[in-house]
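> Go by the hints and put chain B onto chain A.
Protein chains: 2
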Amino acid sequence: MKYNSIIIGSGPGGFYSALSCAKQGYKTAIIEKDQLGGTGFRNGCLPVKRNLDVLRKVEEALSISLDGIKETPFFRKNLLINTEKYMPRAEQLIKQRLKDAEIDLYKGEGRFLDKNTFLINNKKLETDYFIIASGTSPGSLPGITLDNQYILSHREALKLKKLPKEMVIIGGNVEGIELASLFSSLGVKVTVIEQLNEILEGTDRDLIKPVLEDLLSKKTTLLTNVEVASAEIKENRVIVKLNKGKNLITEKVVLTGLRQMNIPEGIGKTNVIYSKKGIPVNNKLQTNIPNIFAVGDINGIHGMAHIAIQQGMFIFENINNNQTIKDYSSLPRAMFTLPEIAGAGKQEWELLNMNREYEVKMYPLKNTWKGLSRNINTGFIKLIFEKNILTGIWMTGPDASEILSSSGLLIGKKLSKSAIMDNLFIHPTLGEGIIEALFNA
Amino acid sequence: MKYNSIIIGSGPGGFYSALSCAKQGYKTAIIEKDQLGGTGFRNGCLPVKRNLDVLRKVEEALSISLDGIKETPFFRKNLLINTEKYMPRAEQLIKQRLKDAEIDLYKGEGRFLDKNTFLINNKKLETDYFIIASGTSPGSLPGITLDNQYILSHREALKLKKLPKEMVIIGGNVEGIELASLFSSLGVKVTVIEQLNEILEGTDRDLIKPVLEDLLSKKTTLLTNVEVASAEIKENRVIVKLNKGKNLITEKVVLTGLRQMNIPEGIGKTNVIYSKKGIPVNNKLQTNIPNIFAVGDINGIHGMAHIAIQQGMFIFENINNNQTIKDYSSLPRAMFTLPEIAGAGKQEWELLNMNREYEVKMYPLKNTWKGLSRNINTGFIKLIFEKNILTGIWMTGPDASEILSSSGLLIGKKLSKSAIMDNLFIHPTLGEGIIEALFNA
Chain A
1277 MKYNSIIIGS GPGGFYSALS CAKQGYKTAI IEKDQLGGTG FRNGCLPVKR NLDVLRKVEE
1337 ALSISLDGIK ETPFFRKNLL INTEKYMPRA EQLIKQRLKD AEIDLYKGEG RFLDKNTFLI
1397 NNKKLETDYF IIASGTSPGS LPGITLDNQY ILSHREALKL KKLPKEMVII GGNVEGIELA
1457 SLFSSLGVKV TVIEQLNEIL EGTDRDLIKP VLEDLLSKKT TLLTNVEVAS AEIKENRVIV
1517 KLNKGKNLIT EKVVLTGLRQ MNIPEGIGKT NVIYSKKGIP VNNKLQTNIP NIFAVGDING
1577 IHGMAHIAIQ QGMFIFENIN NNQTIKDYSS LPRAMFTLPE IAGAGKQEWE LLNMNREYEV
1637 KMYPLKNTWK GLSRNINTGF IKLIFEKNIL TGIWMTGPDA SEILSSSGLL IGKKLSKSAI
1697 MDNLFIHPTL GEGIIEALFN A
Chain B
1277 MKYNSIIIGS GPGGFYSALS CAKQGYKTAI IEKDQLGGTG FRNGCLPVKR NLDVLRKVEE
1337 ALSISLDGIK ETPFFRKNLL INTEKYMPRA EQLIKQRLKD AEIDLYKGEG RFLDKNTFLI
1397 NNKKLETDYF IIASGTSPGS LPGITLDNQY ILSHREALKL KKLPKEMVII GGNVEGIELA
1457 SLFSSLGVKV TVIEQLNEIL EGTDRDLIKP VLEDLLSKKT TLLTNVEVAS AEIKENRVIV
1517 KLNKGKNLIT EKVVLTGLRQ MNIPEGIGKT NVIYSKKGIP VNNKLQTNIP NIFAVGDING
1577 IHGMAHIAIQ QGMFIFENIN NNQTIKDYSS LPRAMFTLPE IAGAGKQEWE LLNMNREYEV
1637 KMYPLKNTWK GLSRNINTGF IKLIFEKNIL TGIWMTGPDA SEILSSSGLL IGKKLSKSAI
1697 MDNLFIHPTL GEGIIEALFN A
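Going down the list, the sequences are from chains A and B. For reference, each letter of the first sequence is one residue, going 1277 to 1717 in the working numbering. For reference, each letter of the second sequence is one residue, going 1277 to 1717 in the working numbering.
Just chain A, with the same shape it has in the complex (with noise of 0.2 Å):
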């Protein structure tokens, strides 16, 4: 069988590489070898974020209306296990976009035969170009193994048909926060161990109030500067050894923050370099072979899933012109943490590192009209700008990452202030806090 381009891996950035191309004429085929969406679309982002949707609206729902919803404890237990109901639609979805793009889909390993090559359930697919799209897996610590029934990643642990009465989460970093508020929420006492100094490092303090807020009121023990010898399984039961402190004695034990390459089988015969930090590639995306591109978590370049997404849209552009990797300046962030924590830009810390001056406008949720309708006590809106233009543009509270999903094109817009405060902002939403934010400064 012969093709223009063959992506390996279903994931974000393979799927839509495989719709660039597609759409663009490309006689294409896509491998996955587990199963369709990837670590993004299928154990990752999705899930979480729809676990911590539920939860969201359950919890914003009594707290309005009290007496109105009986809240079963049959709910919470079930959360998990409904999670794999959306599964097979997810999967059907993928199937349908592929098959209206005319993508022909291999399941299997299969392995490269040399830089043209593939062989796949003992078929052997030639290609003009290869995407290499195969994404990362759970990685593991030194003194502690995966065995996915005690000791799991984000893949086993979004899948546990019984919640355990307490939990370990290895690693304060925001797969782990993640993890921490769902569980939490659904009533595990989480204890979250980070060897930093501080939980989430790297993200604006104030932005990670609310969510540490939340955490310690449902009882989640956050340890820093802590660092974990070993994870040892002893009567069903996993025996934490920690560098100071006590040993911690639990149920199950989440490894997060850690990911290993998967690289493809048989790459050696293409040639392509490619290191335990992945398969490096030039600012087309394009592997030390010219024909071999890497998209998504694979090239190193960000592991997260709209990068991957992006890569994989403007994939076509890159074989064919002088397209090159996107600029990451405006970056849009999300944490589906309970609040989540969104925006785009910069971060004032950044700003203090760097010696920069810049002036910051906040307003709390709780204080506009739409917030106060719907009983939010905590959250703001957090503005940044250098020399009167927005730089940077930050939310914790319910819905944030929506609100501001597409923030990223505020951002390098060169908005002043009056520009912002000359528009008007639908009201009553909590997007207002925005104009209220400079307004009431």
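Heads up, a few of these hints could be off.
As the list claims (entries may be wrong) - No farther apart than 25 Å at their CA atoms in a straight line, the calculated lysine-lysine pairs in the BS3-like style are these:
1) 1693(B) with 1560(A)
2) 1637(A) with 1299(B)
3) 1689(B) with 1637(A)
4) 1689(B) with 1690(A)
5) 1309(A) with 1690(A)
Rather than coming from a laboratory, the hints here were simulated on the basis of the structure.
For chain B alone, coordinates are given in the frame of chain A:
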């Protein structure tokens, strides 16, 4: 007592006018004859949106996790009563913000004595400037008298202690359809009567389709091209006589879309020109009497709360500089229906009417990753481009008002398709539909 500025009315326009003047150092008083907050913060959009918020959350939580939550009949019955729980908090916030800004509050109607004097509770208040923000009240139709028990305005409809089994809403306008969404979702059998050819005339037909489908699925009857001749109360029922077809007999009638101007008492003493259409102003929001300004609904420019808010925020500048009223060409708008409709800029029908060339890009929310995980099966993003520049951005779907709360900032920024595609959108969000609409075209 001597002031620099006296504001008449404490709704959105008056409240922000008072803050605008006070924070610039004006000694300021605000006068409210009824309850703090006016129509906007008390009887209008906020309570409707709050109830729809709760309903939507419950419906979504139910749809995601069917066995999880038990909805009790108690809930729907108590939703309206609970609305009033939020009112004291709104009043508290208004009072606190007025107090923090050192604004004197006078409760009572009072009247003008001349263009610099107002009499209230037997006190004479003198001022350099008056800002009239007295807003509007529900209006009525010939042959129909609001009795506030059987024939209601939105004010009484939102305070019903007991839901009727059936209800006739006169007016298929925004207010009427928002109330139809609310009451049909609460289980009331609603009939909407509209004298024009279409429900929600002046709104894109694509955008309203999911709303009409939702209403019809909840047994709402939509009558168009029908006028109401009279409504009479007989034996605890209302007989609604139509200009064609059968009479309707119903429990409650809600009259929507009709406003009458609240002209303050004694205005004749000031020589301010006014009519049934309100108090005309120049582009500084100044009346024919130079020290008297009018903001919000009363000046007849636009009957929308966010416009009143903006006019209020800028009133000090209008008084002291040559600030003009704003350009409303990228005006963002929202309808708090189920699902919500929101957006900014041009609509397709406007461009059709003007014979302008344009291009439409649409994407269904159910095919976004977030829509999939939230079980959203209706609604879409609709983008309008003229000569490759974004001139309209619209959405029908949950949270549309929040997702596009700042969309006015995007219109008029001359965003090309490729500028939007080059931007990263937070994943997974419904807002990603914007980039999918372009990618899949």
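> With reference to the structure, classify each hint as holding or not holding.
Now the hints, each set against the structure:
no. : hint                 : result
1   : 1693(B) with 1560(A) : holds (21 Å)
2   : 1637(A) with 1299(B) : holds (16 Å)
3   : 1689(B) with 1637(A) : holds (23 Å)
4   : 1689(B) with 1690(A) : holds (10 Å)
5   : 1309(A) with 1690(A) : violated (45 Å)
Of the numbered hints given earlier, the model fails hint 5 alone.
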